[in-house]
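> Chains A and B, in that order, are what the protein sequence lines are. Numbering (our numbering) for the first sequence: 1 to 753. Numbering (our numbering) for the second sequence: 1 to 193.
Quick caveat, the hints were computed from the structure, so don't treat them as lab data. Cβ atoms here follow ideal geometry from the backbone N, Cα and C, with glycine treated the same way. Hints are supplied without guarantee of correctness; some may be wrong.
What the hints assert, rightly or not - Computed spacing ranges between beta-carbons, pair by pair: (1) B:S44 <-> A:S252: 56 to 64 angstroms; (2) A:D207 <-> B:A51: 35 to 43 angstroms; (3) B:S120 <-> A:T390: 39 to 47 angstroms; (4) B:G144 <-> A:V643: 21 to 29 angstroms.
This is what each chain is made of:
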Amino acid sequence: MRYRSVVCLSLAWALVACGRGSRSEGRAQGGPGHAGSAAGSAASGTPPVLVEPVSLRGQALALSADEATLIVADEDHEALFLLPPALSGPEQVRVVPLPGPPAQIVALAERVYVTVRTLPTAASRSARDVIRGPVPTAEKVMLSLPLKAPSGPHKRNTPAALFDPSVVRGSQGGLLLAFRPEKQAGLVEVGRTLLAPDAWGLAVTADQKRALVTSAWSAQVSLVDLQSMKLLATAKTAREPRGIAILPDGKSAYLSHLMGSALTHLELGPDSVRVSAQPLPSALARAPVGSELEASLGYDLVLAPDAQSLYVPRHALGAEGVASWWGAPTVDILDLASLQPIAPSHQAGSARVQVAVELRPPASWEAHPGQAPVPEITLVQPRALAYRRTRDTLLIASEGADALTEVDALAADPAMVIVRSHTLGAHYDPFGKFPERGGAPTGIALSRDERFAYVYCRSTFDVARVELDNGEQRFSHLADDGLPADAAYGRRLFSNATNSSVSGGLACGSCHPEGRDDGYVWREGKFNSDPPDPAYDNGQRFLGRRENFKPTSEGQDSHDSQRPPLYPRQTPLLAGRMRANGPFGWHGENPDILARLLAGFHLHRAAWDASDATRDTGENVAKIDYLADYLRSGLLPPPTLAVALSPLEEQGKALFESTETGCTRCHAPKREFTDRGVTPLRQLPARAGFEREEQGSFKTPSLWFVGGTPPYLHDGSAATLEDLLRTNGDRMGNTKQLSEAERTALAAYLRVL
Amino acid sequence: MSRKRASRLKRWYAPTLLGAGLALGAAAPSASAPPSGSASSSSSLPTIAGANIPTEPSSPPKAAEWKAALQVRVSRGDQGRCSASLLREWLRLRCPGWIGGGLVAGDPKGVTISAFSDTSQSESSDTSGGLNAVTSLVLPLRRGQAKVVSFLQFAEEYNSLAAAEAGVLSVVWRAGRADPVLVMTRRAAPSMF
């Protein structure tokens, strides 16, 4: 039995659906939508239907226990939407405004739990109201999404509504909210627990008595008693904890992280959480021989039905494969008995052969014997998953491909065995090449009988219902984007990996998930495109690992056949740091944000498919406008606690502002802690696997949010702020005279910037 | 692919003999080779059961020994025209139309991949540019081990031929589990035309 002894009444949900009227289409089809059934039973006096929750794992959307209601967490409109699962019957729609942006939902029989990333301060609330736009209403929900013609080409020239990140970030904390179903309102709040800011992931124990919540930016996990809504314990974790998988005994759990390959293992006591790292090398079958790969985008993880395996879809940085300069998607499996990965390692001296015939010499992007398979474009930027036990497959929300992709869970790396992909993106704008429907799938709810998957598509604010065995789809549109039109287009471009002139196969949001960073140090250098492209010869590009550089086999010249110098470049945080006019770039080489974004297109090998006429002028520049508008008016900064400085932080502030340390000479407090100048710095020793920098001058980075962005320095050589301050000496300002206690104080202050 | 064009095919790749037990040849496969399988014909065959696989390792079968092999099918996915045979712990996968392959990951010990022209095949069923190519994979199924193998097919381009991915075989036999799980997937042949 999946959920031990707890069996609950679904009467409460049934009353909600019954009060709204008509019998759902889903019930008529025999699928989800049993509201009529449960309500009818209650009304006729027959014993109420006993049901278990459909899922105890948090997702951006969830089916109620009786499958009469689909609940969707719309983070950007800061509301819950309650829909009939058949996506028909407008009288059943409810909208529940929330005090902040929701992330995940778990629906039990009589309670619904929702994480809210931030309870904004009053000032932040006002700013967020403007960014969010009008409060959504049930009347504006389009249950059956009409098929409309793409609206481009267009550039509406809507002005970007720049926000002040220092205001928007202000948070009183994250929340876990508890609701009960109610006839008119849909849901009524019955309890809340204040948690660390950026409360995101949610999972409930099998006995339904306790919940775990991850606070992503705060790097914390919290254990909450659901009856009293009392916070039982919190613990610090590695950066960006996201997905949660609780073992059936309720005594241990695992967390996935947005960056890094290791998982976090939790031991759960009555009122305690003990944290330890659980290594899980990423994409072993694709790793260069003798190496282990880092990972990013670990938004979610799930246990197999027998609880013997843990599945973690993510992006393997530096993974080998045709045209895999950025790595490859993977589903890493941890065997919970041995705590070892299931996937075999890529080994030297493996057998490989090709029939003896004359073929054109293979280019580096073409298949070779023994080469790892090409990553499939239908699986890009995994964002959420569900285990389909009737098929032993995994359903993965593929954000970059606008698809729901089904992979074989029993393969060594399920990402290599795609069973089927349901394309959700449609009505692509002819100019911007972003979808007008089904963009950026970010959450999955699977019906109990596993016939239907519901997918929340965040960039277009749609819900898709996919009938898995025949592929039939139905869409509902929750609300229009509250951002100005051009910024809204930018939102869609930011997450889309299919737009060849912007993303080159991997969206902005892959390395900058939610505008944050992947914690990875990339290799940047100048080398030719492969296939060669005269317009971009010797262009600035980056690679996941040195092994990802493949000399071109066609049109080789002396440059191609060399190993180019590669320099370390840690992915920078974008959210909340994009308001300045410029300059941008590591060396301040781009005078403004538009120039930087165009350089970014080149880094991504975009423009490959673009004609000369659209490359650096015209259409691409317009797309850059969209992105710039989104970065400045829609990409929200991480929420951080708005509290007075502690004595230790006050001491650190004084040190920061002292003329002796000289921090403020470049990190000007009134200018987002940067003068945006380019400063010559003493060269750091070259890190293994990288070349020594040719240019030792770097643009002063903003220190906003610096506490949440380890590792530090452009080469990622400082693991913590304390490491940085201990080794800095007089390279940046002067910290060599500081005692260890003073460095601790200075680091404490930096963490609240 | 016309016969005339096929006749222009000649040796380009020097035999790349990497790994233990690798074989490359132009000879036809042994007479013991089973008839070409298809998804429909293989679906009636049994999947590979751990009960049929001894726990003690044995030497790779000699060619004549394969006559006694059990005809089986992979556990999941689409094995297309590939046929599978099991002898002791040794699996042989024979794939007409595919021009080669390689072990992507896993222990290479005992893994043999050969690619050859089988002129006994009917021309009409050939999908390898008139070569009647066949790829044969032999590997040991061992408890606690996993492997990934990729296969190649022809990709016809304007005025040239290239190799393209044909499929992937995943083998996972988890410690303590009764049976190995073999999953196979195929990719459509790309074409410029």
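> Could you run down the list of hints and mark each one as holding or not?
Verification of the supplied hints:
no.	hint	result
1	B:S44 <-> A:S252: 56 to 64 angstroms	violated (44 angstroms)
2	A:D207 <-> B:A51: 35 to 43 angstroms	holds (38 angstroms)
3	B:S120 <-> A:T390: 39 to 47 angstroms	holds (43 angstroms)
4	B:G144 <-> A:V643: 21 to 29 angstroms	violated (53 angstroms)
When each numbered hint is compared with the structure, violations occur for hints 1 and 4.
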